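Student: Take a look at the letters that make up each chain.
Number of protein chains: 2
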Amino acid sequence: MASVLDGTAIAQELQVQLKARTAQLKESFVDLAPTLAIVQVGDREDSAVYIRNKIKTGEAVGLVVRHVHLPHSTTEEDVIDAVQTLNNDPGVHGIIVQLPLDSEQPIDEATVLNTISPSKDTDGVHSFNAGELAKKGSGNPGLVPATPLGCLHLIDRTGVQIAGKHAVVVGRSNIVGRPMAQLLLRRDATVSVAHSQTADLPALVRSADILVVAIGKANFIQGDWIKPGAIVIDCGINAVPDATKKTGRRLVGDVDFAAAKDVASFITPVPGGVGPLTVAFVVANTLKCAEAVTHSGPWTLR
Amino acid sequence: MASVLDGTAIAQELQVQLKARTAQLKESFVDLAPTLAIVQVGDREDSAVYIRNKIKTGEAVGLVVRHVHLPHSTTEEDVIDAVQTLNNDPGVHGIIVQLPLDSEQPIDEATVLNTISPSKDTDGVHSFNAGELAKKGSGNPGLVPATPLGCLHLIDRTGVQIAGKHAVVVGRSNIVGRPMAQLLLRRDATVSVAHSQTADLPALVRSADILVVAIGKANFIQGDWIKPGAIVIDCGINAVPDATKKTGRRLVGDVDFAAAKDVASFITPVPGGVGPLTVAFVVANTLKCAEAVTHSGPWTLR
Ligand SMILES: NC(=O)C1=CN([C@@H]2O[C@H](COP(=O)(O)OP(=O)(O)OC[C@H]3O[C@@H](n4cnc5c(N)ncnc54)[C@H](OP(=O)(O)O)[C@@H]3O)[C@@H](O)[C@H]2O)C=CC1
Ligand SMILES: NC(=O)C1=CN([C@@H]2O[C@H](COP(=O)(O)OP(=O)(O)OC[C@H]3O[C@@H](n4cnc5c(N)ncnc54)[C@H](OP(=O)(O)O)[C@@H]3O)[C@@H](O)[C@H]2O)C=CC1
Numbered sequence: 001m002a003s004v005l006d007g008t009a010i011a012q013e014l015q016v017q018l019k020a021r022t023a024q025l026k027e028s029f030v031d032l033a034p035t036l037a038i039v040q041v042g043d044r045e046d047s048a049v050y051i052r053n054k055i056k057t058g059e060a061v062g063l064v065v066r067h068v069h070l071p072h073s074t075t076e077e078d079v080i081d082a083v084q085t086l087n088n089d090p091g092v093h094g095i096i097v098q099l100p101l102d103s104e105q106p107i108d109e110a111t112v113l114n115t116i117s118p119s120k121d122t123d124g125v126h127s128f129n130a131g132e133l134a135k136k137g138s139g140n141p142g143l144v145p146a147t148p149l150g151c152l153h154l155i156d157r158t159g160v161q162i163a164g165k166h167a168v169v170v171g172r173s174n175i176v177g178r179p180m181a182q183l184l185l186r187r188d189a190t191v192s193v194a195h196s197q198t199a200d201l202p203a204l205v206r207s208a209d210i211l212v213v214a215i216g217k218a219n220f221i222q223g224d225w226i227k228p229g230a231i232v233i234d235c236g237i238n239a240v241p242d243a244t245k246k247t248g249r250r251l252v253g254d255v256d257f258a259a260a261k262d263v264a265s266f267i268t269p270v271p272g273g274v275g276p277l278t279v280a281f282v283v284a285n286t287l288k289c290a291e292a293v294t295h296s297g298p299w300t301l302r
Numbered sequence: 001m002a003s004v005l006d007g008t009a010i011a012q013e014l015q016v017q018l019k020a021r022t023a024q025l026k027e028s029f030v031d032l033a034p035t036l037a038i039v040q041v042g043d044r045e046d047s048a049v050y051i052r053n054k055i056k057t058g059e060a061v062g063l064v065v066r067h068v069h070l071p072h073s074t075t076e077e078d079v080i081d082a083v084q085t086l087n088n089d090p091g092v093h094g095i096i097v098q099l100p101l102d103s104e105q106p107i108d109e110a111t112v113l114n115t116i117s118p119s120k121d122t123d124g125v126h127s128f129n130a131g132e133l134a135k136k137g138s139g140n141p142g143l144v145p146a147t148p149l150g151c152l153h154l155i156d157r158t159g160v161q162i163a164g165k166h167a168v169v170v171g172r173s174n175i176v177g178r179p180m181a182q183l184l185l186r187r188d189a190t191v192s193v194a195h196s197q198t199a200d201l202p203a204l205v206r207s208a209d210i211l212v213v214a215i216g217k218a219n220f221i222q223g224d225w226i227k228p229g230a231i232v233i234d235c236g237i238n239a240v241p242d243a244t245k246k247t248g249r250r251l252v253g254d255v256d257f258a259a260a261k262d263v264a265s266f267i268t269p270v271p272g273g274v275g276p277l278t279v280a281f282v283v284a285n286t287l288k289c290a291e292a293v294t295h296s297g298p299w300t301l302r
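Those protein sequences? They're chains U and E, same order as listed.
Numbering follows our numbering, with no gaps: position 26 of the first sequence is 26.
Numbering follows our numbering, with no gaps: position 280 of the second sequence is 280.
Looking at chain U on its own, in the form it has when it is part of the complex (with noise of 0.2 Å):
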């Protein structure tokens, strides 16, 4: 019967810490205000939620969070715009492009990530931030984007060795698979990745020690494939219906956690996984890129 890892109470804890160290950053830089703004296009209903999250979050840390906030009519030029009058604000530290980008006019969204200054790239979605993550090195990566920051926090959590694990990511999203993958490689896992192309996807996850798992189908991934004793990472969030629910349905993951929970030696919940630690590292991203400028930050491009 596996540990569940709590991380709503994981990131509570971070919180208190992140909280403690945005009050020493204005304590030694009073005229600093820690800043993130989030460039928001459209009104998608999912992304709302996201953002409220951010800004609650954000704002009981004690950062200054600013939503910018551009219409369905939004063209390229006008996100570009936007992106690069809060690169040329000193008074912002962090960006974020809330994603997908939801206009009616064709937007490229990989030029816009890239119009974002390396150095306040929250998300760490610019590819500068994507080629210093995958590149091999000592030390620390830059930002890094928030949810594998949280899945490997999770994982450390357990206080089980990654070095020499097989680490299996099934997904690679340019947010969550992908750097994943890049992290736990830095810590010396033998690194998997698996995607929808994946030929027998039961038989790699079996062969799993560490599994994260972010593809979005509810309940995807089954009890039998985990490998006995497996540390499970689901950064799966699917409504699913549920008549017994006022508002008619609830959130599960990508992996049936009943069924797994019997098998893995520690499992992450959906809700209250994950999510909570991305939130948590948004807020820590934001700072670092804060405490950057109060030195000279490790990010800036040459």
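Please note: incorrect hints may appear among the correct ones.
The list cannot tell twin chains apart, which means a pair is met if one copy fits it or any two copies do.
Calculated cross-link-like contacts (lysine to any residue; reagent style SDA-like; alpha-carbon spacing at most 25 Å) [said to hold, decoys possible]:
#, residue 1, residue 2
1, Lys19, Ile55
2, Lys136, Pro100
3, Lys136, Gly216
4, Lys261, Asp46
5, Lys56, Lys217
6, Lys136, Pro202
Read the hints as simulated data drawn from the structure, not as lab findings.
Here the structure is a predicted model, which means the values were calculated and not measured.
Using the hints, position chain E with the ligands against chain U.
Tutor: For chain E with the ligands alone, coordinates are given in the frame of chain U:
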């Protein structure tokens, strides 16, 4: 019994195509002399051999190759200055900083590589280019290190479909293992990366439909580790003593070729496998940089 992939012959074919492409570029832009600059620090024998090869092949194809040779006493500032001079020179299209930097002064390699203009980064070693490769993307990535491009070309020459196959990359350097894994992932292989901390390398290798090895250990991968029918790409270049040779040594790969060729479906020899492809793709990358100047290149940093 495996088919032996003849890297020398395949590279010669590519060279004919590259020569034609170079001639066409020069015909269309009469003032353009596609130019590669190679910066070398110190006097390492092996670096001299690699640089000679690049000059020879580059010139055979019709490129101008400048060798910028700096002394063993070169400082980090000196190398950075040299690179920036080349960045600012419109007559230079591609820049290679030959590694390792052989100086008596401390030089941070990563800093030097990130000084190269991303649009002139023939070796694909700037973090921006590494990030473009590491991020999911439709279409081609920008500038990618030549050795993994050569390996991928060899795999494609087998005619075997990559998508869905299990590809195992042994080694995780910035110029071979890591970008190789990215290229295979972009082609929809399920990709595993192994290294010196991998717990059970033979077992992992046995599960590989496609095996790429780049570890620098003579004949390390045993024949009975190879899955029957696997494609085996051996990047290793290792000198071993051989009394029958005038030089007293000969070159072997990282795979026990004699044993592996009885099990694999396709295999590369050493020498004459990956090596010649690497040089061909150095030339191809330089040409890509020169061609990009004549349109608006996709690799300009914003
Ligand atoms: N907890 C948090 O804070 C966060 C949670 N999430 C959640 O994580 C999940 C994944 O999101 P995201 O990373 O953005 O993923 P994407 O939706 O961008 O990509 C999904 C990935 O899963 C792969 N995949 C889809 N179906 C299968 C399958 N049947 N077998 C194996 N792989 C499959 C896809 O493969 P292919 O590449 O071949 O298409 C793709 O790589 C979602 O539920 C999302 O809500 C995301 C971000 C933050
Ligand atoms: N054909 C060509 O044109 C080229 C050939 N090469 C050759 O390729 C080989 C590798 O070079 P390069 O990529 O620069 O590699 P590096 O020397 O930079 O790194 C070697 C890699 O191999 C891993 N490794 C070392 N020992 C073992 C082991 N026992 N089991 C598993 N993994 C191991 C290391 O792991 P860890 O990270 O844990 O230390 C490391 O990732 C060399 O022989 C080199 O000469 C290189 C470039 C071009």
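Student: Does each hint fit the structure? Answer for all of them.
Tutor: Quick rundown of the hints versus the structure:
1. Lys19 to Ile55: within (14 Å within a copy, 57 Å between copies)
2. Lys136 to Pro100: Only across copies: Lys136 and Pro100 sit 15 Å apart there, 30 Å inside one copy, limit 25 Å.
3. Lys136 to Gly216: between (29 Å within a copy, 17 Å between copies)
4. Lys261 to Asp46: Neither. Shortest intra-copy (28 Å) and inter-copy (54 Å) distances fail the 25 Å Cα cut-off.
5. Lys56 to Lys217: neither (28 Å within a copy, 54 Å between copies)
6. Lys136 to Pro202: between (30 Å within a copy, 24 Å between copies)
Violated hints for the displayed structure, listed by number in ascending order: 4 and 5.
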